[in-house]
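Undergrad: Spelled out from the first residue to the last, the chains are:
Protein chains: 2
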Amino acid sequence: MNLLADFDAVRGAAPDKLRKVNLFETPRFFCDVYVLGPGQSQAAHVHAGSDKIYAVLSGRGRVRVGDDVHEVRAGHAVCCPAGASHGVENPGADELRLLVFMAPHPKAPA
Amino acid sequence: MNLLADFDAVRGAAPDKLRKVNLFETPRFFCDVYVLGPGQSQAAHVHAGSDKIYAVLSGRGRVRVGDDVHEVRAGHAVCCPAGASHGVENPGADELRLLVFMAPHPKAPA
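Heads up: the sequence lines are chains A and B, in that order. Going by the numbering used here, 7 is the number at position 7 of the first sequence; the sequence numbering is gapless. Going by the numbering used here, 64 is the number at position 64 of the second sequence; the sequence numbering is gapless.
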């Protein structure tokens with residue numbers, strides 16, 4: 001694994017769905033960049049034993065954690081604790097880019 | 001714990017040493033913002049069982065991981081695997097701000 005990554009260079013949404021680019025992963029965590037075009041979303045879901053952070057790099061988003069909805073923009077981070085339903089959508093006109101951390105890795109690499 | 005944090009608002013170095021502001025922590029991870037003024041550093045150290053990421057929000061830095069030195073700027077992330085000596089310094093003239101993620105939490109909260 002390359003220990004240096006350029007997340008600023010990860011730009012450009014996929015046409016059909018949320019784009020995920022992995023930066024790092026170990027048995028203990030993963031770190032991805034997600035890029036969501038206008039109108040794209042990640043449906044609400046649960047990780048029973050892992051916490052996730054969405055840290056907004058650019059754009060605007062709407063993050064759901066349990067029954068709460070957070071309107072977020074660049075410079076906001078949201079913690080989604082293990083067991084809490086969570087998801088994110090891009091209601092804006094610009095690309096939404098997120099730095100995403102999850103620990104422990106739900107599907108740990110060998 | 002507040003599940004929404006504004007890391008963009010964390011600015012301003014401490015006069016005497018690296019400033020750390022915790023955003024989130026669980027038994028599984030912590031997420032901090034570090035602010036280093038010009039010339040400030042975090043001395044090289046090791047976490048035997050935890051991985052760390054330094055993600056540069058603004059400024060320029062020099063991150064050491066084992067025997068490697070990475071010159072980094074905003075948009076770069078460096079992974080410091082468990083067991084690897086690592087540290088960071090601010091050799092620049094501007095504030096260096098880092099989003100720092102560690103998993104698992106080395107001193108897990110109750």
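By construction, these hints were calculated from the structure, which means they are not laboratory data. Careful, some of the hints might be misleading.
Facing chain A, from chain B, some residues (calculated, C-beta under 8 Å) [stated by the list, open to error]:
(1) L3
(2) L4
(3) L18
(4) V21
(5) R28
(6) A48
(7) I53
(8) A55
(9) S58
(10) V69
(11) A74
(12) C79
(13) P81
(14) G83
(15) E95
(16) V100
C-beta atoms are modelled at their ideal positions from N, C-alpha and C, and glycine is treated no differently.
Undergrad: Holds or violated: is there a CB of chain A closer than 8 Å to the CB of V100(B)?
TA: Hint violated; V100(B) Cβ to chain A Cβ min 11 Å, cut 8 Å.
Undergrad: Can P81(B) be said to touch chain A, with a Cβ gap under 8 Å?
TA: holds (6 Å)
Undergrad: Against chain A, run the beta carbon of L18(B) and see if the smallest gap drops under 8 Å.
TA: violated (20 Å)
Undergrad: When the nearest CB of chain A is found for L3(B), is that gap smaller than 8 Å?
TA: holds (5 Å)
Undergrad: Per the CB criterion, is I53(B) less than 8 Å away from chain A?
TA: holds (6 Å)
Undergrad: Would you settle whether the hint for V69(B) is holds or violated, based on the nearest Cβ-Cβ distance to chain A being less than 8 Å?
TA: violated (11 Å)
Undergrad: Would you settle whether the hint for L4(B) is holds or violated, based on the nearest Cβ-Cβ distance to chain A being less than 8 Å?
TA: Hint on L4(B): holds, closest Cβ of chain A at ~5 Å, below 8 Å.
Undergrad: Can you verify the interface hint for S58(B): is its Cβ closer than 8 Å to any Cβ in chain A?
TA: violated (11 Å)
Undergrad: Given a cut of 8 Å on the nearest C-beta pair, is the interface hint for C79(B) held or broken against chain A?
TA: Check passed: Cβ of C79(B) comes within 4 Å of chain A, closer than 8 Å.
Undergrad: Report holds or violated for the interface hint on V21(B), using the least CB-CB distance to chain A and a cut-off of 8 Å.
TA: Hint violated; V21(B) Cβ to chain A Cβ min 12 Å, cut 8 Å.
Undergrad: Let's test the interface hint: is any C-beta of chain A closer than 8 Å to that of A55(B)?
TA: Since the shortest Cβ distance to chain A is 6 Å, the answer is holds.
Undergrad: Tell me if the interface restraint on G83(B) is satisfied: Cβ within less than 8 Å of some Cβ in chain A.
TA: violated (11 Å)
Comparing the model with each numbered hint stated earlier shows that hints 3, 4, 6, 9, 10, 14, 15 and 16 do not hold.
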